[in-house]
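Construct the complete structure from the given sequences, taking the supplied hints into account.
With our numbering as the guide, the letters of the sequence shown map in order to residues 1 to 172.
No lab work stands behind these hints, which were simulated from the structure alone. Please read these numbers as outputs of a predicted model, since none were measured by experiment. It is possible that part of the hints are untrue.
Said to hold, decoys possible - What follows is a set of in silico ranges between Cβ atoms, one per label pair, in the way DEER data are often shown:
1. L164 - K95: 30 to 40 Å
2. Q30 - S3: 16 to 26 Å
3. P52 - R150: 37 to 47 Å
4. A4 - N35: 13 to 23 Å
5. V27 - A49: 14 to 24 Å
6. P52 - S168: 34 to 44 Å
7. R150 - L13: 41 to 51 Å
8. L129 - P153: 16 to 26 Å
9. A91 - A36: 23 to 33 Å
10. N152 - N32: 28 to 38 Å
What the hints assert, rightly or not - Subject to a maximum C-alpha distance of 25 Å in a straight line, what follows is the list of computed BS3-like cross-link-like pairs (lysine-lysine):
11. K14 - K95
12. K83 - K95
13. K95 - K131
14. K14 - K83
15. K131 - K83
In this text, a Cβ means the ideal position worked out from N, Cα and C, and glycines have one as well.
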Amino acid sequence: WTSARDLAINHGLKGEAAAVLTNLASVHIQLNNLNAAEPLTLQAIELAADIPELAYRPQIILALAMIRAHQNRMEEAVPLFAKASELADSANEDKTLALIQNQFGSALIRAGRWQEAERPIQEAFRWRLFKNDVDLFTSFVNLAEIELRRGNPTLAAALARRSLELASRQSF
1 WTSARDLAIN
11 HGLKGEAAAV
21 LTNLASVHIQ
31 LNNLNAAEPL
41 TLQAIELAAD
51 IPELAYRPQI
61 ILALAMIRAH
71 QNRMEEAVPL
81 FAKASELADS
91 ANEDKTLALI
101 QNQFGSALIR
111 AGRWQEAERP
121 IQEAFRWRLF
131 KNDVDLFTSF
141 VNLAEIELRR
151 GNPTLAAALA
161 RRSLELASRQ
171 SF
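Next up, the structure:
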């Protein structure tokens with residue numbers, strides 16, 4: 001990863017270097033290694049700062065939003081999720097917007113703010129359902145979590161079963 005970043009930087013490809021750093025940060029976020037993810041993401045933001053039309057910018061901002069959410073710094077994460085959503089929406093990046101909304105909803109659920117999570121999760125769900133997107137199963141997981149917290153275990157179980165059914169059709 002660092003070799004790919006260095007190669008991109010040495011060739012003046014700051015946007016590509018930022019993408020490499022963000023992808024590596026995403027791996028660390030999934031592993032809950034926030035101490036490694038944060039400096040990578042901040043470096044990606046710095047590299048991308050002078051590239052006004054960088055298509056990958058929503059994902060970079062999303063990475064920082066996810067880090068802040070995992071650090072229980074939701075007061076910082078919420079505007080970052082909003083900014084990433086705005087950037088994806090203005091670029092007509094619907095799949096990225098659905099990802100951001102789903103991640104935002106997940107972060108709200110983890111923060112105990114499940115009532116607020118419903119709107120972004122439903123937005124992601126609607127787009128994914130309409131497009132028959134392969135990631136639809138993750139929206140079902142989040143909807144199941146909300147219904148469980150609402151005290152509706154029957155609907156939560158049905159949503160979870162649907163998620164498993166969809167996930168089992170995927171070839172990972």
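Item to check | Hint check, failures only | outcome: Of the numbered hints given earlier, the structure breaks just one, which is hint 1.
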